[in-house]
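Residue numbers (the numbering used here), protein chains in the order written: chain R, 346 to 691; chain X, 346 to 691; chain U, 346 to 691; chain A, 346 to 691.
It is worth saying that the hints were derived from the structure and are not from the lab.
Heads up, some of the hints might be wrong.
What the hints assert, rightly or not - Below, simulated DSS-like cross-link-like pairs (lysine-lysine); rule was C-alpha separation at most 25 Å, straight line:
1) U:LYS510 with R:LYS659
2) A:LYS616 with A:LYS659
3) U:LYS388 with U:LYS510
4) X:LYS510 with A:LYS659
5) A:LYS498 with A:LYS388
6) U:LYS659 with R:LYS510
7) A:LYS510 with X:LYS659
8) U:LYS616 with U:LYS659
9) R:LYS498 with R:LYS510
10) R:LYS616 with R:LYS659
11) X:LYS498 with X:LYS510
12) U:LYS510 with U:LYS498
4 protein chains.
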Amino acid sequence: MISFESDYTTGAHPEILQRLLETNLEPQPGYGEDAYCRSAKEKIRQALCDEQAEIFFLSGGTQTNAIVASSLLQPWQGVLAAQTGHIHGHEAGAIEAMGHKVLALPEHLGKLDPGELADYLAAFYGDENREHLVWPGVVYLSHPTEWGTLYSKQELADISALCRKYDLKLFLDGARLGYALASPECDVTLQDLAQLCDAFYIGGTKVGALCGEAAVFPRGGMPPHFLNWVKKHGGLLAKGRLLGVQFDALFTNELYARLGQNGIDRAVELKQILARHGVPFYLETPTNQQFVVLPDHVIHSLEARGIRCGFWSKPDPEHTVVRFATSWSTTPEDLAALDAALGQTI
Amino acid sequence: MISFESDYTTGAHPEILQRLLETNLEPQPGYGEDAYCRSAKEKIRQALCDEQAEIFFLSGGTQTNAIVASSLLQPWQGVLAAQTGHIHGHEAGAIEAMGHKVLALPEHLGKLDPGELADYLAAFYGDENREHLVWPGVVYLSHPTEWGTLYSKQELADISALCRKYDLKLFLDGARLGYALASPECDVTLQDLAQLCDAFYIGGTKVGALCGEAAVFPRGGMPPHFLNWVKKHGGLLAKGRLLGVQFDALFTNELYARLGQNGIDRAVELKQILARHGVPFYLETPTNQQFVVLPDHVIHSLEARGIRCGFWSKPDPEHTVVRFATSWSTTPEDLAALDAALGQTI
Amino acid sequence: MISFESDYTTGAHPEILQRLLETNLEPQPGYGEDAYCRSAKEKIRQALCDEQAEIFFLSGGTQTNAIVASSLLQPWQGVLAAQTGHIHGHEAGAIEAMGHKVLALPEHLGKLDPGELADYLAAFYGDENREHLVWPGVVYLSHPTEWGTLYSKQELADISALCRKYDLKLFLDGARLGYALASPECDVTLQDLAQLCDAFYIGGTKVGALCGEAAVFPRGGMPPHFLNWVKKHGGLLAKGRLLGVQFDALFTNELYARLGQNGIDRAVELKQILARHGVPFYLETPTNQQFVVLPDHVIHSLEARGIRCGFWSKPDPEHTVVRFATSWSTTPEDLAALDAALGQTI
Amino acid sequence: MISFESDYTTGAHPEILQRLLETNLEPQPGYGEDAYCRSAKEKIRQALCDEQAEIFFLSGGTQTNAIVASSLLQPWQGVLAAQTGHIHGHEAGAIEAMGHKVLALPEHLGKLDPGELADYLAAFYGDENREHLVWPGVVYLSHPTEWGTLYSKQELADISALCRKYDLKLFLDGARLGYALASPECDVTLQDLAQLCDAFYIGGTKVGALCGEAAVFPRGGMPPHFLNWVKKHGGLLAKGRLLGVQFDALFTNELYARLGQNGIDRAVELKQILARHGVPFYLETPTNQQFVVLPDHVIHSLEARGIRCGFWSKPDPEHTVVRFATSWSTTPEDLAALDAALGQTI
């Protein structure tokens, strides 16, 4: 079976597994105090060109979003996010479980608009009743967004400037960051994020790791007692080495960049194949996720040929919007098989 | 360096890593829907002799304790635990972060006393003001306890009977369950737990896995929408296969039992070595953790010889109570090195 | 000074104060066990024609919304509300403080549309990923709404039917219920609410009481241990008699109905006065709140003449949308003063 | 019927009701912005000799404890309290509902011992694993305690010094503060509390008000956006005047002191009566609560004569520990009736 359902259908890149094997029986202290966490953090700080950056490794995306966002909030504050923001719609209310509200703003192909954000903030601070409202405290962006779209450096700079003007924290969800950084349409670098954001994470789960996200607080900005906060919310692994070794491998010999590049290279080929077979795009994106509309019988026919894509939404009883995702592990052979199957099906 | 600091200083048993390697590039659905989670659950059900048991794989102990215990509670209830219960003293308030109180009862070498529990419950239900109190809802036990001690089958049966009498749920923390089951002093089996408990977990992190705990709800007792509860609290891994493959390996060819046995066999040797060198026991236990009192200079001397043990408490300025833990990965060579170092030190 | 800022600018109706005086020194048990709470509940049950209705007296609106709504939710559920719902925008995130999400739907002059609600629910149950989402559990309506508008009996019946179809609870915020029931445009009775809702409250604070809201759970539907839930969230008054005596008075000799009627009668006169002076309505409503657009200089001029209205929003730098609210205590003399002041100002 | 069950069996002192009547129809702004809240705060500041003190009026004791204590905590902190502390045992887990743990220490007739507190803090800061624990953040005392006992000024000063040494906040629950201040055995004044505590409250509900507690943050120490925090937790009354008018009356002509004095004067007489009839004391206290052991038939006999006392605990099947509480409203006639009834009963 070949799956384009998501970018988390396979295990870990062999270089990562190899490092897990090599380091397996070395005794190491627990809870992230091990040598590999230390080494990985140092490599990430170098990649960010931020020697003061503080880094904490967590297990998954929802966990990272909830723990990091809430750690940046004051009790009277909530998180601003686009309507389509993962924290707003697809994380089972994990932010609210922390006692904080997600304040939803309009989305534009998954993105917040800096002008609308400015208008919202001006209106909020003009509201005489604002002490009865949830105050904005964090702006949450995802990059790539849930729709595979990208912020430009200018857009991020504008949003960052608004955050500083209004004393908000800017938090960027980088669950798929590797596929943003490798996209030819992306003018944002890791160093830019370290300068513009107050926190962001470098996603591992979807970019070649078994699990793991590297939460980054640039410029020494980790909230005090953050480990305790992580522990209190069940996110602290006894064998922190599992995360440290993986990120150490990901930031050795530019593995993270190479994995992102594979996802993007395969996505380019995917778009060509889909277009060649006349599949109508619901949304064509510069990253590793493509959204197309397929008749349900075509989906079933592909499945019968061992090829799966992911359910997104149901515009009418006979069609489905599906997602085709490439990833660090997608091969040219996978795409050739899709090409052949589409040829037999459509 | 040789570490007796804890049972989570090394990675995973080679048979587990081997299975991760073999299955690495197979596409599998996410969020625990993969073939390995299914297979592992089936093997655990067989080991429990409970075909209706429902199982969910989580990442770590604090996460499992908080998510499972809270899922069993009604809003007006809290968790009864011994003063030394891990949830009461060493998990950064993770139960309270869920909005529930831990109701502490006296401990006896880490254990709850069934008679004291009965007295507490009788007093609670005799209190005319009880609607203003936190009601007991779950009884939390750890087995082995934080002090390495064990409940007898009779004690568990007595506590279970009290729970059923008063409509409480019995939840057993099995972070180190493998070392209980392998202990010659343990008359409790997995099947007993499936009959006596409402929930328990089979600890992986401390018994040979990179991470992972198998939360078991015997007799079809998993709370509804449990996956959503896990997601809401950040415990759902996208690549659930990481947990499924590991538990599938642990329950293949009795690996879990073999790993527990190694921890216990080495603990027997450890106790002999400590006794031979005249090290005074603070607490000698039937499982894999031994507590001794060492002069601080001996601890430093051992460290200089590459041998580490774990801080427990400080009875006076010159001595420390330390923990020596064996584990699935402790070797006879490790113990020989300790023996030699103690010979040179004491 | 005469205030039209809100319907909570004055104290309590004299008949209520009189009852507080008369009963003041009688010893009564605490926490709502007193004779006046019992009597008030019985009178409300009779007014509802629901002998099984269960009633709990709370202190204020936000408290009642958060405590009642959360008591009706399962852990995986949130509250559906209009974008303008008070719980969504004006209660400082009190629902989220309970760990639950408010799921916002479009609003139409403050109201949910039954057809849109039906569409939302159909889409939700058609979403294959719904286990990762917050499930709808409660539908929150306010009646009158935050905009002073009213649901028709047919609309409430349609929403109630949807709730029963999808196993949701219907909760109606009646902070200003007295002004709905007295409105000539309202075809909904207390008895209708008792049949259509799973919970609602009869607002006291804005309809003549010093404080207090009567939360009603028709047909024996109060969640178990509700008193404990109230206590846990700080809503239980030691001297519950304060609430019991007030509601006993409100439901004696139809005081609650009379107070609502005064608010509506004065609102009719208010609308006539505003229209006579050519004040443009932003929204004219059938209840006790009217929204008009005033030049800022007129607002200041009214204030100089001792007349205040309430800030609502700022459409442009020179104008403000303001709210004029009448209430149980508004007098014809108050309106005559407004009439005169407008005559001098406009 | 005459009730000694508690100090909240009657309504409000007539001077308070009189002020509610006099101010009833004046329009006032809501949410504590009214003139009476302002005036009451100023009078309290004068009584405290602390012009910088910040004051917020809340409705009841549990609400005040939970909202104030949590507002002083950092996310990694909990509240230290005696085992018998009201927040630990009798508030349905309201602190935990805020996500924070109560860290219980031994009690001595309801009091924390400064030496034991010092030992605890030294041990905590000596624990190498303390980042995995709940950190102490607030010390909670009640004065009088739940057992009616009192801290000496020296004890409070010692505890306050420990708090400052370890950067903890000292919060004192003054639900019955009036009865402490009037006790001949009390050497602590309101001004002392303003100097030694970081927060405390002056209880109204049990000292003559219908409801209401004045939370005091001496020296400008109210946490930022405290009103929002109160609103978020359902504690903000729309008609804040209800609280303002009552505290304005309580701090006019020393009413609060007079009411405390009545409670103490009657308690002295009560103790004499109980002693005269040979009733064995379980605990004789310097404040308004006395605990005695009565045979159950005596309790029933007193009830038959219209006299009630409060259940406390059940030492054996035939006896009950009961509380006799005097209050601001207890009269010499009440005590004469008790005296007569005891004479007929024992």
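Here is what the structure says about each hint:
This hinted pair checks out: U:LYS510 and R:LYS659 have alpha carbons roughly 22 Å apart, not beyond 25 Å. Between A:LYS616 and A:LYS659, the direct Cα distance comes to roughly 21 Å. Compliance with the 25 Å bound is thereby established for this hinted pair. Proposed proximity of U:LYS388 and U:LYS510 is contradicted: the alpha carbons are some 32 Å apart, above 25 Å. Restraint check: the Cα-Cα separation between X:LYS510 and A:LYS659 comes to about 22 Å, which is no more than 25 Å; the hinted pair holds.
Note on A:LYS498 and A:LYS388: the hinted pairing holds, with a Cα-Cα distance of about 24 Å set against a maximum of 25 Å. The straight-line distance between the Cα atoms of U:LYS659 and R:LYS510 is roughly 22 Å, inside the 25 Å bound, and the hint therefore holds. The straight-line distance between the Cα atoms of A:LYS510 and X:LYS659 is roughly 22 Å, inside the 25 Å bound, and the hint therefore holds. Between U:LYS616 and U:LYS659, the direct Cα distance comes to roughly 22 Å. Compliance with the 25 Å bound is thereby established for this hinted pair.
About 18 Å separates the Cα atoms of R:LYS498 and R:LYS510, which keeps this hinted pair within 25 Å; it holds. The hinted pair formed by R:LYS616 and R:LYS659 meets the criterion: a straight-line CA distance of about 22 Å does not exceed 25 Å. Between the alpha carbons of X:LYS498 and X:LYS510 the distance comes to roughly 18 Å, so the proposed pair stays at or under 25 Å and holds. Of the supplied pair hints, the one linking U:LYS510 and U:LYS498 holds, its CA atoms being roughly 18 Å apart against a limit of 25 Å.
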